[in-house]
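A.B. asks: Go by the hints and put chain B onto chain X.
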Amino acid sequence: MFISLLAVIALGCIAWLGAASGFQYLIGVVLPYAAVLVFIGGFVWRIVDWAKSPVPFRIPTTAGQQKSLDWIKPARLDSPFTTAGTVGRMLLEVLLFRSLFRNTSVEIQKGPRVVYYSAKWLWLFALLFHYCFLLIFIRHFRFFLEPVPFALTAIEFVDGIMQIGVPRMFMSDVLVVAALGFLLARRLFSEKIRYISLANDYFPLFLLLGLVGSGIWMRYFAKVDIAAVKVLTMGLVTMNPVLPEGIGAAFFIHIFLLSCLLAYFPFSKLMHMGGVFLSPTRNLPNNTRAVRHVNPWNPPKKYRTYAEYEDEFRELMEEAGLPVDKTSEEAAAAE
Amino acid sequence: MYNGKYIIPGIVIFVGLFTFPFWSNLLTPKYERPQLAMPADQKECIEPAEYMRAEHMHILDVWRDQALREGKRAYVASNGKVWDISLQNTCMKCHANKADFCDKCHNSNSVSPYCWDCHVAPRGNQ
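Respectively, the protein sequence lines represent chains X and B. Take the first sequence: its letter number 279 is residue 278 in numbering that gives the first Met the number 0, and every next letter is one higher. Take the second sequence: its letter number 98 is residue 97 in numbering that gives the first Met the number 0, and every next letter is one higher.
These are calculated hints, taken from the structure and not from any lab test. It is possible that some hints are incorrect.
What the hints assert, rightly or not - Restricting the straight-line Cα-Cα distance to at most 35 Å, the calculated cross-link-like pairs of lysine-lysine (DSBU-like) are:
#	chain 1	residue 1	chain 2	residue 2
1	B	92	X	222
2	B	103	X	222
3	B	42	B	80
4	X	222	B	29
5	X	268	X	119
Remember, predicted model here, so these are calculated numbers, not experimental data.
Isolated chain X (complex conformation) (with noise of 0.2 Å):
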């Protein structure tokens, strides 16, 4: 946990003192478009090799009734054994961490005996952590586009709608720390989850605090040119790099923590991006009775057929008095 923590405030350090001295192009550009490259690169390396895998027979994770007879009720979604059932599963565990939902604790009680609870807390701060970023990525594409899009100033009126404050607070800047915070803290604070949590659980939690806490430094606080970070985001995006002059240092901090992320993240956990599209224990209909599956690295099949048999030793089982589907004569009739 210390060392995440102590590797985060290291690369916040790095990018503060580069931006102090002199290496603002490196950070504010080089990196940056490194990141980019290494992120595409090693997310479709991350998916290529997954997709080499064979996946032979159907592993889903069963949690209804599977199709059976006629008069018992299947489950479509917990056990689907059609496309459309597999497809809304999904879809419901992509967008709404359906599995999260289901998540229980476990306790035991005086007796003793074990109880089971309901615990959702998870789940509610992970869907709150996913949605917020996702809306702060999307926000942020002011930066690279011009004109900007009517929807990203619909998305920036809805998401400041509160009116607090100037520059307007985003909501969803409060509940994205917010989440983080939970989704550390329970990490940090519940045995169990504290036994199993490794320095690669705690550093993308770090990572995205430093990132999101930079973002609202600068923001709320620092107060960095605006005018001239568009200038040097759009010479990024148009391939046409510019450093504009002043610059605060809040803004490097910002795009070196980013290029970390990027750069990071296919080499992650955080690749359950593009993973939980893959998951077989998902994305497969329980279908492995109604289907023949064939597994894909088989060898062909070596076999023989009586008639090849019987053509080789047809001489031999006449003359032992074998009965033989085709007789000497006919044998050489038919060729």
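C.D. replies: Frame of chain X; chain B shown alone:
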């Protein structure tokens, strides 16, 4: 590769979406920092330009509270000069054109302040 007929389109869609800012800007002319119409007869704002650039929204917010909620109408600038706290009479005296001053940066960076919900937007000499 297995299930390529699903996975390859998926990868193409993902890469397409992710690189959206790059290809959607292929035909965009070079982006320039918005050029603001500066007041002709004044050289200095109430505070230095860098400070105004970063903090003007904060100043306006504080001014709004001070003028309307506390009734204080005097602002002492960092160089000791005293200004009347008023958007209409102080700011807009020099920055008389919303479209060529405020809106340039705000539109380009998708900022929509709600000053003009109450105030009358200045239109210069039109």
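A.B. asks: So, for every hint listed, does it hold in this structure?
C.D. replies: Verification of the supplied hints:
1. B:92 - X:222: holds, 26 Å
2. B:103 - X:222: Between residue 103 (chain B) and residue 222 (chain X) the Cα gap is close to 19 Å, so the pair holds against 35 Å.
3. B:42 - B:80: Holds - the C-alpha atoms of residue 80 (chain B) and residue 42 (chain B) are around 15 Å apart, at most 35 Å.
4. X:222 - B:29: With Cα atoms ~25 Å apart, residue 222 (chain X) and residue 29 (chain B) stay inside 35 Å; holds.
5. X:268 - X:119: Holds - the C-alpha atoms of residue 119 (chain X) and residue 268 (chain X) are around 22 Å apart, at most 35 Å.
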